Every structure is written in C-alpha cells, then in structure tokens.
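Asker: For reference, the chains in residue letters:
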Amino acid sequence: MPTQPVDVLIIGAGASGAAIAWSLVETKMHILCLEQGDWMKPSEYPSSGRDWEARQLNDFHYSPNRRARDTDYPINDANSPIKVANFNGVGGGTVLYAGHFPRFHPSDFRVRTLDGVADDWPIDYATLAPYYDENDRMMGVSGLAGDPAYPPHEPMMAPLPLGKSGATLARGLNKLGWHWWPSDSAIASEDYEGRARCINLAHCTSGCAQGAKASTDVTYWPAAIRAGVELRTRCRVREITRNSDGMASGVVYYDADGKEQFQPAHVVILACNAIGTARILLNSNGLANSSGLVGKNLMFHPYARIAGWFEQELDGYRGPGNCIWSQEFYETDAARGFVRGYTFEFSRGQNPVMAAVHSMSIGRLPWGEDHHRAYRRLFCHRTGMVAICEDLPEEHNRVTLDPELKDCRGIPSPRIDYTLSENSRRMLDHAVARASEILRAAGAHDVWYEAPLADGGWHLMGTARMGTDPERSVVNEWGRSHDVKNLFVVDGSIFVTSAGVNPTRTIQALALYVADNIKSRLATLFD
Amino acid sequence: MLSDDQRRTFGCLAEMMIPASAEYRVPSAADDAILADILRSFGRDEHHVMTVLRELEGFADLDPSARQTKVAQLREHHSEALKGLSSVILQCYYRDDRVMRSLGMEPRPPFPNGHEVEQGDWSLLDPVRKRPKLYREVP
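Chains as they are written, first to last, in the numbering used here: chain A, 1 to 527; chain B, 1 to 139.
Everything labelled a hint here was simulated from the structure, so no lab data went into it.
Predicted, not measured: the structure shown is a model, and the values here were computed from it.
Beta carbons are placed, not taken as given, at the ideal position from N, Cα and C, and that holds for glycine.
Certain hints may be false.
Said to hold, decoys possible - Only part of the chain B face toward chain A is listed, based on derived beta-carbon distances under 7 angstroms: (1) 67; (2) 86; (3) 118.
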C-alpha cells in the first residue's frame, strides 16, 4: 500500500524543528517530523555515572567525527581551522549546548546600513521580538531584567548564581569599568513547567540529567506530540524529490532498519542546521539553488578561549557553566581596527578529568613527582571566558558534497572549506588582549588562551540565507524557498549575518515567525 | 587484547606519568585497580594507545633514563598519540575513589545529588546598573 502523504514534513527534531512543529500543530494539519537520531534518555546521560567525563570525550563528544554514533554522519572539515560540532537526536544541538541564550541586538539586523558590510536582514528586531518572548516561555529563561546592552525584556526566572568564579570576574570587570550582566540562560533556576531546577551538576554540555536545561526534547516536543505531531526517529533523509510542477513532492529516507522509504508531503520544512540542510539540498539535484548560494556564506563564530589561574579556590567542578557575560565590545568602534564586535561569556571551572587533560595538553601539568602538587594548584583555581566573535558572510566559506566521504547509508557527506577573515583575526586578537586584562584585574597569576578555538564550531549559519532578492538569497523574508513554493528552511542556514552571540534563541524565534507566516497565508501559501 | 609486554609497558608509562604520593595519600596510575580500569577504557583513543605501544616495544625492560629518552621521542614524533594515551590514563585516574577523596570530592557522579554554588555578592552589579544603554538604535 502506498504511503499516505502528510500535510507538513519537517526534517530534523532539533531547536528549530521542534519549535515549528509545536507552532503549526494548532492548524490540525498532519505533521510528521523525521529525525535521524534517537530519543535521549536523561537517566542515562553521563552525569549519572562515574565515567561522566570520559563519556564526554567519547559517545557524547560534540564532534560527530569523534563521537561517530551510528546516528551521525561524518563531516570532512580538514580544510577549516574551526571544526564542526553538532548532535543528532531529538533535541539536536540543544542536547549538548551550554544553554547560553542571548538575543540578537537591533543593530545585528542592519550591518550594511550601520557598518557598510555584508547585508541587512529582510526583517528586524521588532519583528522577531514577540517570537523571542513566545520562545522564552516555551524554553524557560533565567536571567535579570535591565541589562543596558539590550532593549528591555523580562527573563521569567532568577539568574543563575554568581558563585565564587562569577564574583571574582565581576570584581575584575568593575575595576576596569566594563560592562557585565548575568547571562540569559535556558537553564531553569527554579522549577519550571514540570522541569526541576538546576542543581549545579556542572555537566550541561553532555545532556542535563536533571532536565533543568531546556533541550527541545523536554520543552517543545512533549507539547507538540501531545497535540498530535508525529515524530519518527532513526529516519535518515537522503533527498527531497520534486514533481513535474517543480514543487517538492516528499523525501526519500532510510528507516531504522536501513530500508529505503518514500514519504510524500504537501509541504517540506528543512531544520537540519546549516551543514545538514545544505547537504540535503545539494544531494537533491541542486534543489532551490537558482541563486547558486546553497552551501555558501557558511558562518561559524570564531571563538577565543581565555583562562586564568588564581590563588584562591573558585567554583571548579560545581556548575552550571553559565554565569555572566560582557558586551563592552559588542557594537562597532572603528578605533579598534575591525567592524562589528564580540561577546565575552564567562564560565566557572572544570571537572577533575578535564582539568587534568587540558592542563597537561597545554603544558601546565607535568609527568612525574611534581604532578600532584601542580594539579592541586590548578584544579578549582581556574576560571575564564570565551569570546564569541561575529563572523561576516563570505561566499568562499562553504559546504559542498565530499566526492568520496559517505555516511553509513552511502549518502554523500558534507565537506567544509573555511578560512578566517582578517576582520575576525583582528577581533580575536582584541578579545584575547581585553580578556587577559580582565583576568589580571581579577587577580589571575597565570593566563592562557587559544584563538581561534579549533573545536569551537558549535554555531552553524548562513548556507541558505534569507532575502527579498532571489538572485542574492535562497529563501524569502519568511523562510520559503524562492524556487520551490512548498519548501521552507527554518534553521541557522537562513541567517544573513551571524551577530556575536549564540544563535539558538534567534533560530527558534525565526522558526516561530516562519510558522506564523505559514499559518496566516494558508490559503495562498504556494502563490 | 594487549600482550603481557604491552601491559607492562602501559604500567610503566602510567607510573611515570602519575607516581604514588604519600603526601597526598594517593596511589600511582599503575595501581592495580586503576590500571585495570584504564585497560578497559580506551574508547575512541584506542588507535592512539596502540600507536604508542607499538613504538615502545620492550619499554618495561629499559632503565629509567632510557625510558625518559623514549618518552621524549614520542612527544616529538607522536604527540597526538601520546596525548590520546595520556587522556585515557587521566580519565581513569581522576575518577578513582581514593583520588577524588584526596581532592576533597565525594566519590560519586554529579547526578542526582548535585553541588552547592553560593549566590555571590549581587551588589557588585550596582555600578553596571548605573550605565546608560550600550546598544545602538537602528534607523
């Protein structure tokens, strides 16, 4: 018997796929989501076992190439100084993210107008503001109103604690007279909507066993499924098919048994991140690519990590990692020698294994007799920050299909070609210098940094950018393909620029915005 | 499955990296229980471990000075492999009950008991509250 068509088929159950599924369910359409990973079991997350840190370096590693679960696909990122980080499963990248949850700023949508670089977005902050609010309610955000770096908004829970590390860093920032504020975090500081409050496991980036961190498997998905959305796991999509009218007709995928299936659909929505979405489009005979921009303009956020060691004991292995941020250097100041800017996000410390592994790899922890004394001066005495630099779009930074590498079903894998721009290098240098000043002002006796952070490719953006001009963008201003009128993209692919903050909150707000556009245009959706 | 020679080599390397300490009341990384944990925990670093062990054939029979020379050569020519092997040793050493107690930690995973983090002094935020807005208005 042929498979019945669904009204809406969503590919990917991560941050954006969950949000748009939940939002569209009120239409009573038949909505199906295909996810190539599994449902996660929080009781089996690493932090519930004695090998919690070893698992972070193995089956919960953020690199799909090292993690190499049978639900992953390999990525050739050899030609990039920044390596891709992701996760495949219900919740997607939100399973492993830290839960840092900043919004974009009004200026982030107007970089061409304000700074003469890249392009303006076809939408603005005011357009997204109500969707930020709606997403905040669904995910649950801790923070503190009144941050002078942002237009007013109201986090619904108290901020995460400052702790010893945060207070130490705050004193350093105050000495310099620089901005800082408690980070907006997608971590429940209080019991929230059936989720228990954070108990400081300090292992947010391997899945939250407590359920305090807002990964979409514990936020959007339970609500969406209760309302009628169907979610099928271990379904690996190979390509989107087209009919004779040029419309998307469905997808070809491999089911949990590895059997090829065809699922027809009236609307197809891609929500696979800027690598996965570009890969599927390129594997679909160049679908939606009359602009030639599918896969191009890949943006990461170049990261710097800067750490300092202090005489006094700090928070160490007690978490969460999220703490405070600084946007002293966020908005453009031409005197700095680069355009746009960056955010400092401060962390607390390290668990015992990571303190040892990292300290040894950077030459701070010796072999032999002096090992124990040195370790005790390092462990629980370190804190620091990352700098998240805005990455401007460049067409030569791109995702293509690797001519040789394939996944376990023989589907061509993505290849990444990426170079760091001169603007990014200058921004990283500036960030490292300012971070070192903060740490010294806070009392650090030793400072270390890495820039760019090689393993820092968490944020994937730009490979199917939105815009009003079909020759300069892949989707229109409400997420619909210019070429294929029943094909939508809602993940970070559609970002025009990257801002200098974590993208998840904006990815989800955009997904809710696209959903509302679909709902309000149902009668004329394909015109 | 490691040969006897490879096991002895691994034990020597672990002992060189982290010897026992009476001062801190901790065993060496070659302690029987820790070494047994290490030998079943290569995980994604197994290829690194095997690379090192291939390079160190007969290592356990060398005198201490010759062992140091061999390790220095490894650092120079097989740094990634040595880093992988070191990581495996550290992953197991720093989860041993005796070691965790020596560090002042309870020998348990983070969940379900969690940890305490003090709120900290929020009055530190007072000078920042007085600042004018930092974000740019847009046309």
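Asker: Against each hint, give a clear statement of whether it holds in the structure.
Answerer: Results for each hint:
1. For residue 67 of chain B, the interface hint is violated, since its Cβ never comes within 7 angstroms of a Cβ in chain A; the closest pair sits about 11 angstroms apart.
2. The criterion of a C-beta within 7 angstroms of any C-beta in chain A is met by residue 86 of chain B, whose closest approach is roughly 6 angstroms, and the hint holds.
3. At its closest, the beta carbon of residue 118 of chain B sits 6 angstroms from a beta carbon of chain A; the interface hint therefore holds under the 7 angstroms criterion.
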